[in-house]
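**Q** For reference, the chains in residue letters:
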Amino acid sequence: MELEYRYDGSPDGLLCAIADAVRRREQPALLAGPAHEGLLFVDRVHTVLTDEARADEVISYFQRKVSKEAARNLLYCLAGPFDGMELELLAYYRMGLKLGKAVDRQHADAVVHAVHQAARSVGHEIHRFKGLLRFRKLQDGLYWAPFEPDHDIISALAPHFRTRLPDQRWMMHDLRRGRAVVWDGKRLYAELQPEMLLQDNPVADDESEVQQLWQTFFRSVTIEGRKNSKLQARCMPLRYWRWLPELESF
Amino acid sequence: MTVEEKMAVLADAAKYDASCSSSGSSRKGGTGATLPSGCCHSWTPDGRCVSLLKILLSNVCVYDCAYCINRCGNDVKRATFTVDEVVNLTEDFYRRNYIEGLFLSSAVFVSPDHTMEQMMRVARELREERHFGGYIHLKAIPGASMELIDRAGRYADRVSVNIELPSAVSLQQLAPDKKKDDIIRPMAYIGEHWKQARAERQSNRKAPRFAPAGQSTQMIIGATPESDKHILDLSQNLYDQFSLKRVYFSAYIPVNTQESRLPVLPMPPLLREHRLYQADWLLRMYKFRAQELLNEDEPNLDPQLDPKAGWALRNFHHFPVEVNAADYEWLLRVPGIGVLSAKRILSARRTGPLDFSHLKRIGVVLKRAQFFITCSGRFSGGLRSSPEAVRQALILNDKPSIKAEQLQLF
Chain A
98 MELEYRYDGS PDGLLCAIAD AVRRREQPAL LAGPAHEGLL FVDRVHTVLT DEARADEVIS
158 YFQRKVSKEA ARNLLYCLAG PFDGMELELL AYYRMGLKLG KAVDRQHADA VVHAVHQAAR
218 SVGHEIHRFK GLLRFRKLQD GLYWAPFEPD HDIISALAPH FRTRLPDQRW MMHDLRRGRA
278 VVWDGKRLYA ELQPEMLLQD NPVADDESEV QQLWQTFFRS VTIEGRKNSK LQARCMPLRY
338 WRWLPELESF
Chain B
849 MTVEEKMAVL ADAAKYDASC SSSGSSRKGG TGATLPSGCC HSWTPDGRCV SLLKILLSNV
909 CVYDCAYCIN RCGNDVKRAT FTVDEVVNLT EDFYRRNYIE GLFLSSAVFV SPDHTMEQMM
969 RVARELREER HFGGYIHLKA IPGASMELID RAGRYADRVS VNIELPSAVS LQQLAPDKKK
1029 DDIIRPMAYI GEHWKQARAE RQSNRKAPRF APAGQSTQMI IGATPESDKH ILDLSQNLYD
1089 QFSLKRVYFS AYIPVNTQES RLPVLPMPPL LREHRLYQAD WLLRMYKFRA QELLNEDEPN
1149 LDPQLDPKAG WALRNFHHFP VEVNAADYEW LLRVPGIGVL SAKRILSARR TGPLDFSHLK
1209 RIGVVLKRAQ FFITCSGRFS GGLRSSPEAV RQALILNDKP SIKAEQLQLF
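Same order as they appear, the protein sequences are chains A and B.
Every position in the first sequence, counted from 1, becomes a number in the working numbering once 97 is added.
Every position in the second sequence, counted from 1, becomes a number in the working numbering once 848 is added.
Since the hints were made in silico from the structure, they are not lab data.
Certain hints may be false.
Claimed, not checked - Here's a subset of chain A near chain B, in silico, CB distances under 10 Å, partners left out: (1) Ala287; (2) Glu306; (3) Glu321; (4) Pro342.
A virtual CB, placed ideally from N, CA and C, is assigned to each residue, including glycine.
Here chain A stands alone, though its shape is the one from the complex:
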């Protein structure tokens, strides 16, 4: 019997779909978002209801039953382009419940490998932006960090900057997704209207001076005799350059 699961394409929707499949002990032949054209022969289609609270519950259950590491892998996969790997994530979830924390030691298994690969590319970008995020000081003292990551990493990245820059107000701003996180000195929260904080709020007076100093440093520390632009571009892909003040003149 060919079974098809349909969810709304969102990470929460997928988590609810996984929970449905596990609870009903079903193995769908297709688990896909609305964009997919569907199977040719289908016996039954199950439409998944997306419920945010339930999705959170699925993750915390997985973390309790399996491990923090496995739950993080799942979350990282959901922050990336998971379209097309839904069945692998379902299989990983099932394996996790069966094997417990040993699931992440199955490096030779195709499903675990695929999940680890996907999670790693998200983890890699998170680590990259710990270094590549740049704050600009605005008139009212807010430090604003615009960036355009490939994956939806803003919530995974924010706690790093909370420990690092606790005594200044800042806002991380994912321009690609229009999402923002604000630290006001006490609390970390999602800002739904980041534009409001930027209105009538140009950069601070000393900002261009500091950027200038940084550019001078960057130019001076380069060794011409070892020039290797290819290596530079590999370590720091061109798509990230737009928001780096040191590369504005390149």
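Start from chain A and add chain B according to the hints.
**A** Just chain B, lined up with the frame of chain A:
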């Protein structure tokens, strides 16, 4: 002189220091924190990463070292930062997430003690006045008093002394003002104190830190006639005796072209530097000893082949290694298997025997490993009868990405 002009001079003067690592320390509280893994913030057009604000406090120097751009005989622009200027720069950059912290070195102005004292004050001001929790790496000035180095170590995450050249003879020749003893003594001192402070902190969490990320050093490669064997033996000794975290190699770049004591090279020996770093990795992460990698008959690393493959070919009788049975130490010795894949093999083979497709998923570099392993007794077609045949195949498969390959043309 404006701060910006000083920055241009003093960042330029610091650029030949190879180290930029911000790893090995975990610190929290106040403004800033450090990540044990380190963190790169940018990459300059030469492909080197920028992690720390790497500057000299001053390039006014009383010494006259042949290889150094800042030696007193050179006619270069001179500048000196004030303590406040460095502190403000560090904080301004840190708050914008440009950097992971500060790497402060200096030419020797007035006297070694005076220089060291100023540098120590920068670190103290950052920690005590600004409550700065980021990474601080200070260079210890050869000839400075141990008391100052001790105080510097209380505030810094890493303190390091540059050994500059791989032998006392070369040092005597090119840096006559620096005595070998002035370099070795602070190194021994830092090594000893680092060990002590670490031991104390294990029994008492409140014990003061001393350079928790340990010490490193740097030497210039290719300016003097020492062989790779000499350099690696020296590195091995430094790791063994002074508990160094890292030895950095810096390919010699001719900055003083008028200097007759130095060789003329068409290009900096970047490939040699690369091979030395690979060998250094084998010492630190793969439990190799320097004596295994090179000997009197072959005192230099093979530029065409990475040192691990070189070792494996010289010890061809130990191979092939059976992946499903070999212990960790032997897995580590296989070219193409790294620390991570060796550990993964250990945990993955508990579930069942591994074959070549599994190894590929695990991350083993089969284009190198295939000549040296079996999976449940099977080869993957990479079997060659002689080390020479394997060598040819490896070289064919493996072109180092470093452009300095051109060097071999000369």
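**Q** Could you tell me which of the hints above the structure violates, numbers in ascending order?
**A** Violated hint (a single one): 1; every other hint is consistent with the structure.
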